[in-house]
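Asks: Sequence:
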Amino acid sequence: MPELPEVEVVKKFLNSNFNGKRIQKIKILNKKLRYKIETNITKHLINQIITKIFRRGKYLILLFENKNTLLIHLGMTGYFRIIKEENYKKHDHLVFYFESNLLVYNDIRKFGFIKFYKPDEVLNSQHLVKIGPEPFSKEYDFKYFKLNSKKTTNIKNLLMDQNFVAGLGNIYCSEILFDAKINPKRRCKKLNNNQIKQIIKSTKKILDKAISFGGTTIKNFVVSNEKIGYFKNELKVYGKEDTGCVRCSKINKIKRIVQSGRSTFFCENCQK
DNA sequence: AGGGCTACCTGTACGC
DNA sequence: TGCGTACAGGTAGCCC
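For what it's worth, the numbering used here labels the leading residue of the first sequence as 1, then goes sequentially.
Some hints here could point you the wrong way.
[Unchecked claim] Straight-line C-alpha distance at most 25 angstroms; calculated SDA-like pairs for lysine to any residue: (1) Lys90 <-> Asn30; (2) Lys205 <-> Tyr144; (3) Lys84 <-> Tyr117.
The hints are simulated quantities; they were obtained by calculation from the structure and are not laboratory data.
Just so it is clear, the structure is predicted and the values come from calculations on it, not from any experiment.
Using the sequences provided together with the hints, build the complete structure.
Replies: As structure tokens, then:
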């Protein structure tokens, strides 16, 4: 489910519903996620007002009035939904009780996590201390790319590296490289200046568009009780193995290859 | 040191 | 219908 655009949509959803709201109670239904949910988070967060929700890469940061934070990662299948009463489903793990509703975290595969951090600790946590720049930031530019792109790896793996640039995952890397007309197998050191500039441009363009469409629905990207994620209809190559390339003609079929154990989709004809 | 592979966990789709 | 296998948006820790 969640790459940067999906997490951004979740962040907006949480901000619009819970910013300024007080947590009355927290119930841990199952503490076994990627990391065990610490039982004592309850005593730090009870009666606290959520003052803001931030996104950094694919991470969510909940900030409370006493400056404590929760760092949340949705893994592959994590999502939030709002319910009116205690009406739980399989794989619900944590519930925040508010005055007028309940916010539930559900995660089938348990690759996500919810961690508590004291003020000023979260940005120096193991998860965020080495994370790369936001793709929309000024820092992610031509100079940065030249200076920090690992010369030895291919461009797909570079974009997937959260310490190079934050938030890109398996879907959007394929889509970005298709837009930039770059072959995902291409060695980084062989990219010329124009291609680097194009990759940066395509990164911002694809993510921006995906956010405006509400992210990509693959399986269970659900916010509240509404299905969103209309960017799925805009995907050009991801999951399109053996279908005709929408750009260079219907004769050339999209190929699926495996890079570092993950599927990559591209057109051999128009991505060089 | 840095990149590649595998584990983690559950569900689904597909071939036989 | 059932069984075995492959695959799925994530990171992290091991190995080389």
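Asks: Determine for every hint whether it applies to the structure shown.
Replies: Here's how the hints hold up against the structure:
| no. | hint | verdict |
| --- | --- | --- |
| 1 | Lys90 <-> Asn30 | holds (10 angstroms) |
| 2 | Lys205 <-> Tyr144 | holds (18 angstroms) |
| 3 | Lys84 <-> Tyr117 | violated (29 angstroms) |
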